[in-house]
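J.: Protein sequence lines correspond, in order, to chains C and L. Read in order, the letters of the first sequence correspond to residues 1 to 373 in the working numbering. Read in order, the letters of the second sequence correspond to residues 1 to 373 in the working numbering.
Just so you know, these hints were derived from the structure itself, not from any lab. Please note that the accuracy of each hint is not assured.
Given that identical chains are not distinguished, each listed pair holds provided it fits within a single copy or across any two copies.
[Claimed, not checked] Pairs of lysine to any residue, SDA-like flavour, derived with a Cα cap of 25 Å:
no.	residue 1	residue 2
1	Lys278	Gly51
2	Lys72	Arg338
3	Lys149	Ala88
4	Lys72	Val87
5	Lys72	His145
6	Lys149	Val87
7	Lys278	Leu314
8	Lys149	Glu89
9	Lys149	His63
10	Lys149	Gly119
11	Lys149	Asp287
12	Lys278	Asn150
13	Lys278	Glu10
14	Lys149	Arg93
15	Lys72	Asp60
16	Lys72	Arg85
17	Lys278	Ala312
Protein chains: 2
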Amino acid sequence: MYSVEVSLGERSYPIHIGPGLIDDAELVRRCIPARQVMIVTNEVVAPLYLGRLERSLAADQQHSLVLPDGEKQKNLNTLSAIIDRLVAEGFRRDACLVALGGGVIGDITGFAAACYQRGIAFAQVPTTLLAQVDASVGGKTAVNHPQAKNMIGAFHQPIAVLADTGTLASLPEREFSAGLAEVVKHGLILDKSFLVWLEENMDAILDHDAAALAHIVGRSCEIKAAIVAEDELEQGRRALLNLGHTFGHALESLGAYRDWLHGEAVAAGIVMAAWTSKELGMIGAADCRRVEAVLSRARLPISPGTDVDADAMLRTMRLDKKAGAAGLRMIFLQRLGRAVVTAAPDAALLRQVIDARAAAHDSPGAARRTAAS
Amino acid sequence: MYSVEVSLGERSYPIHIGPGLIDDAELVRRCIPARQVMIVTNEVVAPLYLGRLERSLAADQQHSLVLPDGEKQKNLNTLSAIIDRLVAEGFRRDACLVALGGGVIGDITGFAAACYQRGIAFAQVPTTLLAQVDASVGGKTAVNHPQAKNMIGAFHQPIAVLADTGTLASLPEREFSAGLAEVVKHGLILDKSFLVWLEENMDAILDHDAAALAHIVGRSCEIKAAIVAEDELEQGRRALLNLGHTFGHALESLGAYRDWLHGEAVAAGIVMAAWTSKELGMIGAADCRRVEAVLSRARLPISPGTDVDADAMLRTMRLDKKAGAAGLRMIFLQRLGRAVVTAAPDAALLRQVIDARAAAHDSPGAARRTAAS
């Protein structure tokens, strides 16, 4: 087992990483010591892991709530349903929620924990690669607004994260690849040697080699934890983690959160951010092609798709919640392994990059995406 | 103008107190410097003060949202309506919400600010005595669950509070008295000399003497701010502020949040807490009668009413959200001016106190309450 500490003063917490952690009753009980525990999961994850986690736990009062699967559950009605259940079971302030599942389950469960009685504890047991490398660090919780993702939420840190890499075996290939987008992103923004390691070890990763999985989850958590520790509430440096996300959120939104998985949109977004960085004189075309290559090898799309409407994307990006009064700010690559936050360039330049990326690639990722949706 | 600083590190904020503050454009603009401002108020307050506050503000983009009046608005649907409006107007992370009204408006607006994009700024312009002396300090925000008050919320500190004591002139007498319950409570838990001052100056207070109003609001804010500064998230000492509230919440709940104003229920609750303190050997009967006398002079009920169901009250108190796994904890008076947090006494003792208080008083407050409801 590999452990990463997220250092946030009295809100610090450990992330434990390795195969089989949910069956480690001693670890599970140590990480989740509350007397009242509610596991929130979904109908896809529950048959695989709920019983195992329940057997490892030993709370005096232990319940589970199985939600339907899917991003469309991430709304105020689901929040209300979780709160209803907590009230019905008489959950107190010292109770603990456990999020067993991917990012949707983590976000909604974390937000319920943030709100219930103005904040109770929660622990995360992420079962997707994306949730293990991204959502398990940083304490961002939220539900969606019909017009904008993650518009209603809170910063609420978990008390512990158990990233059982064994659960990744049950993950569809497409979702596994989507998680790799954030892994590659972590290398690009802060750690070139990790990027090189990913380039050299992508086959082992795609083969679900246990040591490779533990390394990508652990190193991703370390990189993200270092950034979050400096900027818990996303006032500055934490924005670096949004590399590719302004473009990516626009793709997700225009695809009605149905056509693109988050990680796929981020991958295409990273490519657009890289080529914009080149236009801004920061990196070279060879760097951009290297970014494309590592994402392609991770079986990710590297183009917004030939049918993208650049103007619609730009309109959507204006509503992006990273936009401050001073105008939209975006993340670019000063070099591989170093990202910077700057004011967004002219819309004309962004439009040119979007159109060029749409035309440049009849990318395998995009083709696969269309076939899958 | 009188100012109190609430000291919470980087979440510190000022409370400005005095008549006519909402017409002081320079002060209003200094306290609320955001470019995008949404004033949230209700249909009772809006005709009186919304136009005046709008004229003092000078935001680039300035909107208002006028909600129906009443506690029943304090729910997730109203939260959703506020968020809808913020999204529709394109409000960014550096926007500011302004709560213009009483506790309900403050709680729901503060919670909307806590959640929108995971937290934006808000300022409070409280127009009731209760909101000025209680809700303006401490950062508690919430909406109600159908089964339990304030069950969904957050700790979110305002950036500034403008307590315009001139707005109290429009407050119905019953609501003014309800606010005095929290003022008396502040003296009882921490400051005997303030309690004595209240005993000696109640006529001036009830006559809305400007200096007296400024003193009770200012001193209440100072006392509450001192406690909150030590315990922002209500882990310990802050619980002292709940003197009378466990009983009071039960009365409010059994009255379907319709029969009792919050402050009225707190007044009756304080009396029951005082007599329980006497039964526990902490204070004497003369102290209890002194508590009753000052509350009575403030035109507040000092009895749960002859029709109270003590068993139903006790059941309701078990769900009270201050209950930890170790069982319900309550606040009692060690002496006048000094409160303590202890484990709740036996239900039999509490039942005896409730029944005795129900029988002891055909209180003018209770009679007035019945007539008013």
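J.: Checking Lys72 and His145: alpha-carbon separation at most 25 Å within a copy, between copies, both or neither?
T.: Classified as both: same-chain Cα gap 10 Å, cross-chain 23 Å, threshold 25 Å.
J.: Reference check for the pair Lys149 and Glu89, CA-CA at most 25 Å: within, between, both, or neither?
T.: Result: close only across copies, 16 Å inter versus 30 Å intra.
J.: Evaluate Lys278 and Glu10 at a C-alpha cut-off of 25 Å and name the case that applies: within, between, both or neither.
T.: neither (41 Å within a copy, 39 Å between copies)
J.: Can you tell me if Lys149 and Arg93 fall within 25 Å by alpha carbon in one copy, between copies, both or neither?
T.: Between copies only: 14 Å across chains, 29 Å inside a chain, cut-off 25 Å.
J.: Given a CA cutoff of 25 Å, do Lys72 and Val87 count as a within-copy pair, a between-copy pair, both, or neither?
T.: For Lys72 and Val87, the Cα distance is within 25 Å both inside one copy (24 Å) and across copies (18 Å).
J.: How do Lys278 and Ala312 come out at 25 Å by Cα distance, when the copy is not named: within, between, both, or neither?
T.: within (23 Å within a copy, 70 Å between copies)
J.: Check Lys278 against Leu314 for me: Cα-Cα at most 25 Å, and say if that holds within a copy, between copies, both or neither.
T.: This pair counts as within: shortest intra-copy Cα distance 19 Å, inter-copy 69 Å.
J.: Checking Lys149 and Val87: alpha-carbon separation at most 25 Å within a copy, between copies, both or neither?
T.: between (27 Å within a copy, 11 Å between copies)
J.: From the Cα coordinates, with 25 Å as the cut-off, is the pair Lys149 and Gly119 best called within, between, both, or neither?
T.: Both. Shortest intra-copy (22 Å) and inter-copy (15 Å) distances satisfy the 25 Å Cα cut-off.
J.: Up to 25 Å between alpha-carbons, please classify Lys72 paired with Asp60: within, between, both or neither.
T.: neither (33 Å within a copy, 35 Å between copies)
J.: Should Lys149 paired with His63 be assigned to within, between, both, or neither, using CA atoms and 25 Å as the limit?
T.: Close across copies (23 Å), not inside one copy (29 Å); limit 25 Å.
J.: Using 25 Å as the alpha carbon limit, work out where Lys278 and Asn150 are close: within a copy, between copies, both or neither.
T.: neither (30 Å within a copy, 52 Å between copies)
Of the numbered hints listed earlier, those contradicted by the structure are 1, 2, 11, 12, 13 and 15.
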